[in-house]
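To convert, note that position 34 of the sequence shown is 33 in numbering that gives the first Met the number 0; the numbers rise steadily by one, no gaps.
No wet-lab data here; the hints were simulated from the structure.
Quick reminder that beta carbons are idealized off the backbone N, C-alpha and C, glycines included.
Heads up, some of the hints might be wrong.
Using C-beta positions, here's what the derived DEER-type ranges look like [unchecked claim]:
| no. | residue 1 | residue 2 | range |
| --- | --- | --- | --- |
| 1 | LEU44 | SER109 | 16 to 22 Å |
| 2 | LEU35 | LEU114 | 29 to 35 Å |
| 3 | GLY30 | PHE61 | 39 to 45 Å |
| 4 | LYS15 | PHE65 | 45 to 51 Å |
| 5 | GLY30 | SER96 | 21 to 27 Å |
| 6 | ALA26 | LYS62 | 42 to 48 Å |
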Amino acid sequence: MSDPRPPARSRQRPVKTTGTVPPEGSAAALGREHALPVRQWPITLVLLVVGAGLAVTWFADFKDGFKYGLLILGGGVLLGAVLRLVLPEVGMLAVRSRFTDVIVLGFLGSAIVLLTLVAQPNPWLEFPLLDNIGQLIGRPKH
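Using the sequences plus the hints, can you model the full thing?
Structure (structure tokens):
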């Protein structure tokens with residue numbers, strides 16, 4: 000006699016991917032009753048801060064003005080990392096998994112801030128190792 004039950008379906012992964020899954024937390028931060036920039040307020044805020052940093056960097060005509068602008072820019076990227084970490088829904092700020100987004104944004108923001116702090120002339124943060132960096136790569140000291 001034959002078994003009336005259908006054969007069990009295997010739980011194997013598909014050979015061909017048919018679509019992509021949006022990253023976790025990629026839903027809009029606010030409902031559809033709000034305008035798009037307001038619904039997507041996390042990415043809007045980050046872009047405004049980064050834009051302000053670029054404007055200060057571009058238009059600063061005072062001593063070390065570019066450093067202030069780059070610190071604002073790096074702070075904006077770090078703000079994006081913090082928002083991605085603490086908010087459940089961040090809309091278009093979510094690109095990959097939460098872990099990947101926070102690590103990448105945190106690394107890039109920290110690198111911008113650190114490089115700004117050691118930028119010449121007159122660095123705000125000094126590393127004695129960087130004073131002789133030319134000798135470390137084989138150049139004679141002048």
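message = Output the indices of the hints that this structure fails to meet, ascending.
response = none
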